[in-house]
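J.: Protein sequences appear in the order of chains A and B. Its first residue numbered 1, the first sequence is counted upward by one per residue in our numbering. Its first residue numbered 1, the second sequence is counted upward by one per residue in our numbering.
These aren't lab readings, by the way, just hints derived from the structure by calculation. Just so we're clear, the structure is a prediction, and the values are computed from it rather than from any experiment. Keep in mind that the hints are not guaranteed to be accurate.
Stated by the list, open to error - Derived CB-CB ranges, DEER-like:
no.	chain 1	residue 1	chain 2	residue 2	range
1	A	Ile25	B	Arg167	37 to 45 Å
2	B	Phe40	A	Ala126	49 to 57 Å
3	A	Pro32	B	Ile19	36 to 44 Å
4	B	Val30	A	Tyr145	19 to 27 Å
Said to hold, decoys possible - Covered, in the sense of this in silico footprint (three residues per stretch, anywhere, with C-beta under 8 Å from a C-beta of chain A), are these stretches of chain B:
no.	region
5	23-33
6	38-51
7	58-66
8	120-127
From the three backbone atoms N, C-alpha and C, an ideal C-beta is built for every residue, glycine too.
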Amino acid sequence: MSRRRSPQTAFLLRALPLLAVLLAIWWFALLPPLLGWERITTDLLLSAFPGAPLQTGVTVTADGTWVLQAPARVNGVTRNIRLVLPPRLPIQLTVGLPLFWAFFLATPWTGRLWKRLLAGSAAVMALPPVGLLAYAAHVVQIYVYPAAPVLLARGIAGLDYVTSTVAPYVAPVLLAVALHPQLGSTILGGTAPAPLPIAAQGR
Amino acid sequence: MPAPDPKAQMRRFLALFPILLVVGFALLQVPAVETAIGRFTQGLVRISGGLIHACGGKAVVTGDILAPPGGGSGVKVENGCNAINVTILLWAAMLTYPSGWLHRLKGLALGTLALHAVNLVRIISLFYLEQYNRQWFDFAHFYLWESLIVLDTLVIFWVWAAFVRGRRAEPDVAPA
């Protein structure tokens, strides 16, 4: 007689292969467009800085190195601070997308969840430019404003740490639990929004 | 005394969880906490080295670095690799989820233990992978293991929350 699997085991058995497949798809196919998105959005956000010089923005060299020209006000004049970083951080900031999909798709599909999947994907896609900006703010603070108040300096360091090291991995799981009704209600105990009725499924 | 309203309890959880999460990550910026976590990380490296020795392998432990004995760069365990991020996540969730303090304390102890047991496997596997193939090491280090540890945290919390709900649903008096 076969034992019934617990929901946690069933979730793990679906999530692990999905994670492997989606990480491979991300690495081999999705990375170039995601990095393109990250470069363009960060470029736009940096250029929106009031009084930003013409060269402000992001360029990627042939060997994959990212060069950020971040504007900073020094002695009343806005100048660019040139930051050179290897591609590891920009790549890491995009890993949230396959993670979110793996967690979301590992839970049985109970209705019209496409909109929630898209909303979660959009939220995850907003993280990379924020992470890069926080990183740039942190480096600029260290080198251009070394005498900044301790609380401010610690705050920027913390923001950089959370957006670049924590959010790419933790945000996808929180979003999946928040957006997938069945995952949320199974984990948190039936108080999250209930799944759609059978009649509404599969349309 | 009237029983607490489950919906109100869940609203409290949803409100307090992100606050505790922010407080937890803010604490990482406090110098005294930083020092304590540095010591904890060195402890993890020592345990990893001890486990490698116990299984017949060889590794040299220097502070937070685990290196092969014949030279080579080895691995440096830092914040993120020491599972402190996911520990904060797990603790924030367990401390705010509706439950009694005894269950909560048991969950914090056992959940943290389970989380760090998996993390020791991560550190040891990365130590060997680094000697074998640098590219595979980078992929496993930055993307694969981080994802697996987050998945692990979610499942640990889920198991504990289901256990707590099961206990809540049990009748107060067992039938004779």
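J.: Compare the structure with each hint and give your call.
T.: Now for the hints, and whether the structure bears them out:
1. A:Ile25 - B:Arg167: 37 to 45 Å: Holds, since A:Ile25 and B:Arg167 (Cβ atoms, about 41 Å apart) stay within the stated range.
2. B:Phe40 - A:Ala126: 49 to 57 Å: Given range 49 to 57 Å: violated, Cβ gap about 33 Å.
3. A:Pro32 - B:Ile19: 36 to 44 Å: This hint holds: roughly 38 Å between Cβ atoms.
4. B:Val30 - A:Tyr145: 19 to 27 Å: For A:Tyr145 against B:Val30, whose Cβ atoms are near 21 Å apart, the range 19 to 27 Å holds.
5. 23-33: Holds, because 4 residues of the region 23-33 of chain B bring their Cβ atoms closer than 8 Å to Cβ atoms of chain A.
6. 38-51: Coverage by chain A is violated here, the residue count being 0 at a Cβ distance below 8 Å.
7. 58-66: violated (count 0)
8. 120-127: With 0 residues close enough to chain A, the hint is violated.
In terms of the numbered hints stated before, the structure departs from hints 2, 6, 7 and 8, listed from lowest to highest.
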